[in-house]
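So you can see what is in the structure, the chains are spelled out below.
There are 2 protein chains.
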Amino acid sequence: MKYSQLFPSAQKETPSSESQSYQLLIRGGYIHKEAAGLYSFLPLGIKVLSKIQNIIREEMSKIGMQELSLPCLSPISLWEQTGRQDMNILYQLESRSGQKFALNPTTEEVITPLVKEYVRSYRDLPVSVFQINNKFRDELRAKSGILRGREFNMKDGYSFHINKEELDQYYEIVTDSYYKIYDTLGILASTVFTYASGGDFSKYSHEFQTICDIGEDTIHHCEKCNIAINKEIIEEQKTCPKCNGSDFSIKKAVEVGNIFKLGSRFSQAFDFKFSDKDGSKKFVEMGCYGIGPTRTMGTIVELNHDKKGITWPESISPFDYSLVLLGKDPLVKKAADELYARLTSKGKDVLYEDRENTSNGEKLNTADLLGVSKRIVMSNKLGATNCEYKKRRDESSTMVSVKDLVNNL
Amino acid sequence: MKYSQLFPSAQKETPSSESQSYQLLIRGGYIHKEAAGLYSFLPLGIKVLSKIQNIIREEMSKIGMQELSLPCLSPISLWEQTGRQDMNILYQLESRSGQKFALNPTTEEVITPLVKEYVRSYRDLPVSVFQINNKFRDELRAKSGILRGREFNMKDGYSFHINKEELDQYYEIVTDSYYKIYDTLGILASTVFTYASGGDFSKYSHEFQTICDIGEDTIHHCEKCNIAINKEIIEEQKTCPKCNGSDFSIKKAVEVGNIFKLGSRFSQAFDFKFSDKDGSKKFVEMGCYGIGPTRTMGTIVELNHDKKGITWPESISPFDYSLVLLGKDPLVKKAADELYARLTSKGKDVLYEDRENTSNGEKLNTADLLGVSKRIVMSNKLGATNCEYKKRRDESSTMVSVKDLVNNL
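From first to last, the protein sequence lines stand for chains A and B. Heads up: the first sequence runs through residues 3 to 411, numbered per the working numbering. Heads up: the second sequence runs through residues 3 to 411, numbered per the working numbering.
Calculated from the structure, these hints are not laboratory results. It is possible that some hints are incorrect.
Using 25 Å as the maximum straight-line C-alpha spacing, the simulated DSS-like pairs for lysine-lysine come out as follows [claimed, not checked]: (1) K102(A) / K145(B); (2) K49(A) / K14(B); (3) K145(A) / K102(B); (4) K283(A) / K14(B); (5) K14(B) / K275(A); (6) K14(B) / K350(A); (7) K35(A) / K14(B); (8) K49(B) / K275(B); (9) K365(B) / K348(A); (10) K118(B) / K279(A); (11) K330(B) / K14(A); (12) K365(B) / K118(A); (13) K166(B) / K350(A); (14) K49(B) / K14(B); (15) K64(A) / K275(B); (16) K64(B) / K348(A); (17) K64(B) / K336(A); (18) K233(A) / K244(A); (19) K348(B) / K14(A); (20) K14(B) / K279(A); (21) K348(B) / K64(A); (22) K275(B) / K118(A); (23) K102(A) / K330(B); (24) K49(A) / K283(B); (25) K64(A) / K350(B); (26) K205(B) / K4(A); (27) K35(B) / K53(A).
Partial list, derived from the structure: chain A residues whose beta carbon lies under 7 Å from chain B [what the hints assert, rightly or not]: (28) C74; (29) P77; (30) I78; (31) N165; (32) E168; (33) F195.
We put the CB at the ideal spot given by N, CA and C, even for glycine.
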């Protein structure tokens, strides 16, 4: 992609916000604010978001979760069946013929009766499914950009089991796959497995909390075990569940994932039973597993930036390379055009900074702001056969011949 | 994917509907009905839908359209600005703090002010963007399954130009790319470029109408020119716009795409002007380009099925191969397991019918119902070294050695 053709190819002014990710993503043309809590993802933003979604998709697939897609709208009657129709974050609407709908903030009320229709016996279980689509929450306060939206992208997975033991085992498997996701996304070192309220489902749920000053959550972190307790339950759980110690550091964090053992809370509400081996009818045991690609994207930027801009991890960098052409020497331009064509033909996704009438300084600043993980500079000074190579996170660059660069891809 | 592990791995009864696509997609476990007009896409359905979306995505990308993603919710104030807040198909809702939102049925009201923020001069134009996400219409009647939903998947693209001539040129380019999409999807031969109402934007819009008895639209088809006129404007446009003849066949059709020249209808509403070369301020000229992946998927099934089930075009078949194991010979099973592993290792996506306690007849019926485009059968009769190969649309199969099959992939 040539930068001169990218939409938008101009940056906006820095918006005021305490959130670095909000400022950088707006300035870089990754996102656009439609209203408080409502964001569009522009072409650069979609590229990063899709990579995050695909990393999640791949890990879910490895543990046998199958992708499906439920609508955003659901009949309010489903929420009445579980008694959750009065949740204050539930957007509701009425059609012109008087049907009442909710805009799903989560989808236990939809997936449970759906799976029930296909499951009769223990032979049909376990079932494990997920979807990646937009969810909706009527938040009184929507702030910090895509860290807390009113509409946001969410992977929600659900598993259905014959008993608690099987659920427990699968829960561990999902937990491991979440660690792998955060590792690939480059935020594992800052992300802490956290005990949190289990709501009316179970004693605890578990959150993946990424330590970050802008976070709205407070966690009590046992650094020895790298386990934390969400402040909201510290009165019930005063010691580390692993070492029983109470040597906690208190930290701000962003909840980037949340998993629950739902038990039979929803299978009872929807009378979802299966025939077990002995012929008896039992309620299905359920787990649910959430992770928010948009919030995670914001969190990654909070943790990966410097004064000049974003420093994307390679796994989700919007392009493989940023190729910056400085100066107006026609021979150098021709060499840069050729390098762009060669990298592209080798399957590399390159953002080619080809703008005319833009100063060298602005081009380099733009590359730093956008934060593509690897940068190649070609310039009059270097001539047509050499270039400067630098990782975005490195301080210094190395000079290499264009030939070597291409050969060493 | 092993069929025994697919969710759901059992078919449902045939639901009553006049729509063949609805019946077949429900029975095959492609979709699930949540409420009238609200459908979930199950794992098989997501596979087909994603392929359709990717075919569209690729063609849009070839003509320089860049993907972005707007939220489903938008402030009602945007719709008040164009006077479309009272459209009867517009779902509206109010948050608990009194903010009013629309659920987008289309997004001119969102994309126009967004693009305006980044465009100052003729140098910033043209801009051409699209998104693929769910749209919402408060339909009084939602029928025929995914042919007319209240929530449905939609690709909507928008282009912004310096003048009508540039818009006209780009409109032709998009028209060509739509033909390519329908060609790849296997419905080009039945799809007719149709003149339809231009609303308050322009004299005509253009629809891509796929001839099909279940269609809700009626078109007057000039078979000589393969152009049609939608019945709704036949009083204004009584002759074929190409040959001026009036020899029409009247046919039922499904609108699988719709493109409009919007002119300056929305740029005026949002005061979106740019500085032209001579320094004068002019309104941007807009085009919009819609195509519905979910409706198109339903239409493809309407046109591609027989008494036994769906006959997917190869381009969107949920799997490359359906591998059906008949009988219980352990040597044949071992050979089928190996073939499954080899096909998979060669990057083929295979649905392996491995169910135990399922009759041979039911296995073959299931393969026919699901309609994967190519089928391989292994059975006791054929032994461990041979198999039967058949395209779903062919009447007869050929016997080939497993070795040759793998070598000739």
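Hints versus structure:
no., hint, verdict
1, K102(A) / K145(B), "holds, 19 Å"
2, K49(A) / K14(B), "violated, 38 Å"
3, K145(A) / K102(B), "holds, 18 Å"
4, K283(A) / K14(B), "holds, 22 Å"
5, K14(B) / K275(A), "holds, 18 Å"
6, K14(B) / K350(A), "violated, 45 Å"
7, K35(A) / K14(B), "violated, 44 Å"
8, K49(B) / K275(B), "violated, 42 Å"
9, K365(B) / K348(A), "violated, 44 Å"
10, K118(B) / K279(A), "violated, 64 Å"
11, K330(B) / K14(A), "violated, 67 Å"
12, K365(B) / K118(A), "holds, 23 Å"
13, K166(B) / K350(A), "violated, 37 Å"
14, K49(B) / K14(B), "holds, 19 Å"
15, K64(A) / K275(B), "violated, 51 Å"
16, K64(B) / K348(A), "holds, 18 Å"
17, K64(B) / K336(A), "holds, 24 Å"
18, K233(A) / K244(A), "holds, 17 Å"
19, K348(B) / K14(A), "violated, 47 Å"
20, K14(B) / K279(A), "holds, 23 Å"
21, K348(B) / K64(A), "holds, 18 Å"
22, K275(B) / K118(A), "violated, 55 Å"
23, K102(A) / K330(B), "violated, 52 Å"
24, K49(A) / K283(B), "violated, 34 Å"
25, K64(A) / K350(B), "holds, 17 Å"
26, K205(B) / K4(A), "violated, 36 Å"
27, K35(B) / K53(A), "violated, 30 Å"
28, C74, "holds, 6 Å"
29, P77, "holds, 5 Å"
30, I78, "violated, 10 Å"
31, N165, "violated, 19 Å"
32, E168, "violated, 15 Å"
33, F195, "violated, 28 Å"
Checked against the numbered hints above, the structure breaks hints 2, 6, 7, 8, 9, 10, 11, 13, 15, 19, 22, 23, 24, 26, 27, 30, 31, 32, 33 and satisfies the rest.
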